[in-house]
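Residues per chain, in single letters:
4 protein chains.
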Amino acid sequence: MNEADVVMTVQELNEFLAGAFPGAPRLYAVEDVGADGIRMRLPYDSAQIRPGGTLSGPTMMGLADGAAWLATLSRIGPVALAVTSHLSIDFLAKPGPADLLAHAKLLRLGRRRSVSEVRLWSDGTSIDDPVAFATVTYAIPS
Amino acid sequence: MNEADVVMTVQELNEFLAGAFPGAPRLYAVEDVGADGIRMRLPYDSAQIRPGGTLSGPTMMGLADGAAWLATLSRIGPVALAVTSHLSIDFLAKPGPADLLAHAKLLRLGRRRSVSEVRLWSDGTSIDDPVAFATVTYAIPS
Amino acid sequence: MNEADVVMTVQELNEFLAGAFPGAPRLYAVEDVGADGIRMRLPYDSAQIRPGGTLSGPTMMGLADGAAWLATLSRIGPVALAVTSHLSIDFLAKPGPADLLAHAKLLRLGRRRSVSEVRLWSDGTSIDDPVAFATVTYAIPS
Amino acid sequence: MNEADVVMTVQELNEFLAGAFPGAPRLYAVEDVGADGIRMRLPYDSAQIRPGGTLSGPTMMGLADGAAWLATLSRIGPVALAVTSHLSIDFLAKPGPADLLAHAKLLRLGRRRSVSEVRLWSDGTSIDDPVAFATVTYAIPS
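Protein chains in written order, with my numbering: chain A, 751 to 892; chain B, 751 to 892; chain C, 751 to 892; chain D, 751 to 892.
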């Protein structure tokens with residue numbers, strides 16, 4: 751896949767996101783979109799902390815799911831009804847009290863589904879030292 | 751495994767849960783604990799709804815993760831620092847606007863990890879018609 | 751799902767299996783098919799042993815994959831071109847030198863995919879003490 | 751992780767592999783080992799073909815499992831008893847009749863487990879157009 755396949759800009763993705771969850775607080779945002787995937791940021795919020803002083807698993811799963819969703823939409827356009835059909839996540843290290851970053855990249859985009867890999871890491875550390883790694887399948891409505 | 755292995759009651763698990771997340775709203779609760787696993791309930795809340803009128807994926811993943819955690823603790827006692835090391839979830843059907851129920855059962859409990867299966871279904875429907883199915887591994891600190 | 755949904759018998763499934771892999775040795779066989787799923791058996795063969803004296807992971811994965819495939823076909827008929835789209839497996843205990851049994855049950859059967867849970871255990875032990883547990887998704891051609 | 755962490759050469763890994771499965775035919779081989787992971791090759795063999803003319807799922811799972819195993823050993827030395835504890839694989843496209851290549855890279859190496867990502871693709875095509883993608887966890891004996 752190359753950059754020409756990208757059909758939504760960072761701004762369009764963020765506007766779509768805000769419109770899709772009108773009642774919800776704006777938790778995360780797209781920062782970059784390109785041929786190699788999209789990057790998102792979840793600002794640090796002490797309410798996400800679980801016992802042991804680390805970000806909760808559901809916080810990380812939510813970001814991975816959202817990043818795969820928006821990576822898919824960046825290629826197929828604003829199809830709100832694409833739904834997750836499978837998510838698998840390995841938690842690799844405990845993230846510290848910092849913004850959480852995600853990079854989602856499509857492994858495969860077909861007519862009926864997309865499969866993405868998502869890498870999560872803490873701001874201030876390297877993407878090569880991820881705190882979690884997920885693969886996510888979205889079913890695309892026909 | 752048999753019921754004799756259960757070391758925490760429903761009340762103890764719910765008190766532990768409330769204490770572990772003191773600043774968070776009480777989202778879900780344990781309803782039953784026994785030889786066959788634990789059952790939890792997430793009351794319906796319109797804030798969890800995503801486009802298409804269904805419960806969000808992260809809502810379901812959070813419940814599956816929590817149910818596997820408490821199923822583990824029901825057998826090993828209140829070890830707050832047990833952390834998820836892997837979660838895999840298949841989304842099978844869109845849950846409607848109803849309470850979400852979870853049944854978590856240990857497949858394996860070792861010294862270093864537990865592996866659970868978790869079945870999610872909507873209140874008013876059958877556990878044999880699940881909306882999602884997850885397997886969750888918790889790492890147990892030594 | 752109920753027994754009425756089953757459209758292939760044990761004999762038909764085994765004949766289909768033999769015909770689908772004409773050049774391959776007959777490794778495993780269906781033993782039972784019913785409303786609750788199918789049961790398969792992989793006879794013990796010392797060639798499957800890996801270091802440590804246990805059955806190899808690929809041997810177990812192959813059986814889980816095959817069991818989910820045949821559980822799907824038992825409901826939709828002999829569609830050879832159904833292909834695995836996802837498999838997730840937890841290895842729970844080391845199986846000893848014995849036949850390996852599998853029970854596969856459909857969690858969801860849609861027009862485009864089936865999702866099954868598969869439990870593997872050693873002959874002579876209990877299905878409630880599994881050596882591995884898998885979830886398998888098959889894509890059904892339209 | 752950097753190249754200095756690699757403790758086994760290509761030749762040592764292949765000799766270890768041959769010794770670990772003395773009775774088995776030599777199916778695959780390590781071709782490269784470096785800071786970025788290891789590359790393996792499974793020569794094409796018509797016996798691996800399943801209905802539809804594609805390589806079987808178990809063939810791909812076996813290669814992914816083996817590649818993650820050897821990627822782990824390349825960093826910790828010849829520990830034959832490391833065992834797979836979890837494998838998740840997405841099948842992305844049907845591989846054609848060609849050698850199958852695998853690239854395995856450690857996402858995390860701890861004292862008790864390794865987590866690897868493995869990308870499979872057909873010889874003659876690009877690694878960026880994978881036929882399957884797996885994550886594999888190995889438990890490391892203490």
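Since the hints were made in silico from the structure, they are not lab data. Errors might be hidden in some of the hints.
Said to hold, decoys possible - Computed beta-carbon distance windows for the label pairs:
#1 S892/D with T759/B: 44 to 50 Å
#2 D755/A with G784/C: 46 to 52 Å
#3 E765/C with V757/B: 27 to 33 Å
#4 R862/B with G769/A: 42 to 48 Å
As the list claims (entries may be wrong) - Restricting the straight-line Cα-Cα distance to at most 25 Å, the calculated cross-link-like pairs of lysine-lysine (BS3-like) are:
#5 K844/B with K855/C
#6 K844/D with K855/A
#7 K855/A with K844/A
#8 K855/B with K855/C
#9 K855/D with K844/D
#10 K855/D with K855/A
#11 K855/B with K844/B
#12 K855/C with K844/C
#13 K844/B with K844/C
#14 K844/A with K844/D
Glycine is no exception: its CB is placed at the ideal position from the N, C-alpha and C atoms.
Here's how the hints hold up against the structure:
no., hint, result
1, S892/D with T759/B: 44 to 50 Å, "34 Å, violated"
2, D755/A with G784/C: 46 to 52 Å, "47 Å, holds"
3, E765/C with V757/B: 27 to 33 Å, "51 Å, violated"
4, R862/B with G769/A: 42 to 48 Å, "45 Å, holds"
5, K844/B with K855/C, "20 Å, holds"
6, K844/D with K855/A, "20 Å, holds"
7, K855/A with K844/A, "23 Å, holds"
8, K855/B with K855/C, "17 Å, holds"
9, K855/D with K844/D, "23 Å, holds"
10, K855/D with K855/A, "17 Å, holds"
11, K855/B with K844/B, "23 Å, holds"
12, K855/C with K844/C, "23 Å, holds"
13, K844/B with K844/C, "37 Å, violated"
14, K844/A with K844/D, "37 Å, violated"
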